[in-house]
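Trainee: These protein sequence lines map, in sequence, to chains A and B.
Just so we're aligned: the first sequence equals residues 1 to 396 in our numbering.
Just so we're aligned: the second sequence equals residues 1 to 375 in our numbering.
Treat the hints as calculated values from the structure; they're not laboratory data.
Note that the Cβ used here is the ideal one computed from N, Cα and C, for glycine as well.
With a Cα cut of at most 20 Å, we get these calculated SDA-like pairs of lysine to any residue:
(1) K359/A / M354/B
(2) K37/B / E350/A
(3) K341/B / N36/B
(4) K262/B / S136/A
Some chain A residues close to chain B (C-beta under 8 Å, calculated; not the full set):
(5) T130
(6) F160
(7) M334
(8) D335
(9) G338
(10) A348
(11) G349
(12) L369
(13) I374
(14) E380
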Amino acid sequence: MDFTLTEEQLAWQEEVREFFRSTVSEELLDRVEEDGTEWDQELYQALADKKYTAIGIPEAYGGMGMGFTELAIFNEEGARASLPHGVSSIFGTTCQWVAVAVIRLGTEEQKRHYLPRLISGEYRVALGLTEPGCGSDLAAVDLRAVQDGDDFILNGQKIFNSGHLATHLITVSRTDPSAPKHKGISLLLADLRAEGVEIYPVITIRGWKRTTVVFEDVRVPKTALLGQLNRGWYDLMSVMDMERSGMSSVAEREVSFDKILQYVKEAKRDGKPLAEYPAVRSALADMYREIVVGRLLSQRVIWLQATGQDATSLASFQKLFNSEAAERLTLAAMDIIGPLTLLEWRNAGETNKRWAPLKGLLNTMYKDLRIGQIYGGTSEIQRNIIATRELRLPRG
Amino acid sequence: MIDLGFTEQQKLMQHTIREFLAKECPRELVRDIEDNKRDYSPEMYRKMADLGWLGLLIPEQYGGIGGDWVDGALFYEEAGRALLPGPHWSSAVLGSQAVLTFGNERQREELLPKIAEGEIIITVALAEPEFRCDITELSTTAKAQGGSYLVNGTKIFVTSGHLADRLIVVARMEGGEGKAVSLFLVEPDAPGVAVTPMQTLGGERLSEVVLDNVRVPGDSVLGSIGDGEGIEEVVDKANLMLAAEMLGGAQVALNLAVEYSKQRIAFDKPIGAFQALQHKMANMLVEIECARGIIYYAAWLTSQGRPAAAERAMAQFQAGEAYGFATREATQIFGGVGVMKDADITLHFRRAKMRQLSLAPPEVLRERMLAPLAI
Ligand SMILES: Cc1cc2nc3c(=O)[nH]c(=O)nc-3n(C[C@H](O)[C@H](O)[C@H](O)COP(=O)(O)OP(=O)(O)OC[C@H]3O[C@@H](n4cnc5c(N)ncnc54)[C@H](O)[C@@H]3O)c2cc1C
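Okay, chain A solo, but in the shape it has when bound (with noise of 0.2 Å):
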């Protein structure tokens, strides 16, 4: 066994966290959250001119060639960082999700098209797999893609998604309605440009954008189709072994876990400093075991992408955890720092500025609280993978 990083990873560590610091700035990080986008184009533009949105993509294709434990440091280092959900969200999606399923599923011209536009930031990727009517039962879209001629036309939703900061939707689609429900889903990379696509705005509980993307008679080339006509849920599924460490979660629980820590070691009650009360040394304790633990669970599922095995549990197993210990976090530091926790910073007055701490850190923890066990697939579909698969336990 062997925990350590290599010297070459190390220093792929040390370079982009210097690159994460010196470009995602504490301003600029309270500005998109007050704007609610999460988004800037600048700090985008900055990881495609680096070439970092090329670190997945093997060097025949033009990319970096990296393998899992190095983009895992690299999502992990912007984690730290906290670089805006936004970013990291298109990035991820565009970069280590589309960018391959491009490489393995498409034509060369698809490749010759695609690839370097992805890199360059040209083409930024929302991912359209949520409907109003399908989460968690993927298979169940909806949104309907009929032949007619060179095209595809397309009428439907797809929501919750990031379509405002992209240029293209992945979109999962339903191309035969007749056929079995796993056996009519194509994949449809979608120009969000095109005449009769309309982009609605929804706000989440937080404050952050996210998107309606509603397709009336869009006009869809076919050679947007991205692997087979109607194989699309086979495809979707051989292209989803993306890093899954989770990775970046941990990270960013660990960021917060930090400013909480400083906090209770400075802050006092009755003049005794809050980090030397036993009710809160058993929660900072429970916190930063769950922290370690979660790392570890994170680090195994980078293991084994990076040597080839089946993570698929393994990264259930983490999503699992790593979202639940999130929760558990945010409600005891809340507890623990008490009902400044309550002020809002966001878009707030400067007397809430004034008191509340940490930037309103838990404030903005508390209400994303469930996110983290939504999205992505949701915590009781983890534990039915979990039950089914991993314990092969019957199906209910």
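Fit chain B with the ligand to the known structure of chain A by using the hints.
Mentor: Then chain B with the ligand, alone, in the frame of chain A:
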């Protein structure tokens, strides 16, 4: 003989309140207030005064209807269901009980009828930035000077502070008069007082009140100098009403989840058919019923004048657990739509944490529970 039910009169009151709030306190109003479009609804407040509800806990001789804490809990359970906004709790519960408990006859006669009629809004300014329930540690001070007092300090989390016509400021005596805690009636527009509302997680504003050499005349001491220590018990009783409010909210969260899970289809079934979700909802109901039991027990004990600090602590704690648990699980059951701002469940989700953190801190509540065990 044991009787765990409501009286006919209480059932009628419950029905009337529910109908009233369904009509007068629609979601749009709650949302407007949340979004800072307005502060509260004076019209609704007036109507509640007409129905006697601002004087719910005020004796008849002072213009109230003389209800007890069980009536109060019943009212607050409904308020929690409707997410009733406005200064009712601050003024008609906390403020009125402070005046009733500490005020002299002149002050009671002057203030209580006005509170009951909604003519004035009164609130208590107790908490301070570092305050965790040890009242002898207050940093706001008062100093006798001539026939009046000079009050200095910063209060935070003053509920309805920006709406109040009168603040009951809790301060520690400085110099010559020991550490005794006293209560001062302060007008928010008096020189040296600055009230600033702050936005909070729960949508309602809480105020910072800065007192800079505020001169309070001798006859504006509520009761006598040194009377103030009992304010904690008054706050604790008032917080029992918040527990009842949380109970109502938790019940709504469960109802919303049950309704949604019957309608939402995934994998060709209503999601309510999945046992993973059924168990969540069953757990919610049990938590809620535990809260209901202890809240009404504590309210009854309090009304009877029996010692009930431990039971009130349990009621508040349990209510916090139930509301927190119910709203988190309900949100999970809603999936993505549950974390979008315009979903009703988000109002309860935020309110739940807001309320729980407005109570005494968990460690203090736990100590109160242990007190009767003398360990
Ligand atoms: C902040 C945010 C960002 C998002 N970003 C994107 C994005 O970029 N692109 C995109 O396509 N989507 C996105 N989503 C959508 C997200 O992936 C879905 O919300 C998620 O998959 C859950 O689907 P749903 O909301 O339809 O809930 P549903 O699937 O309707 O689930 C409702 C409830 O039923 C439970 N349930 C469902 N099936 C079962 C079962 N078999 N057993 C037990 N319980 C079950 C669920 O766990 C949940 O509790 C985002 C969501 C959020 C909140």
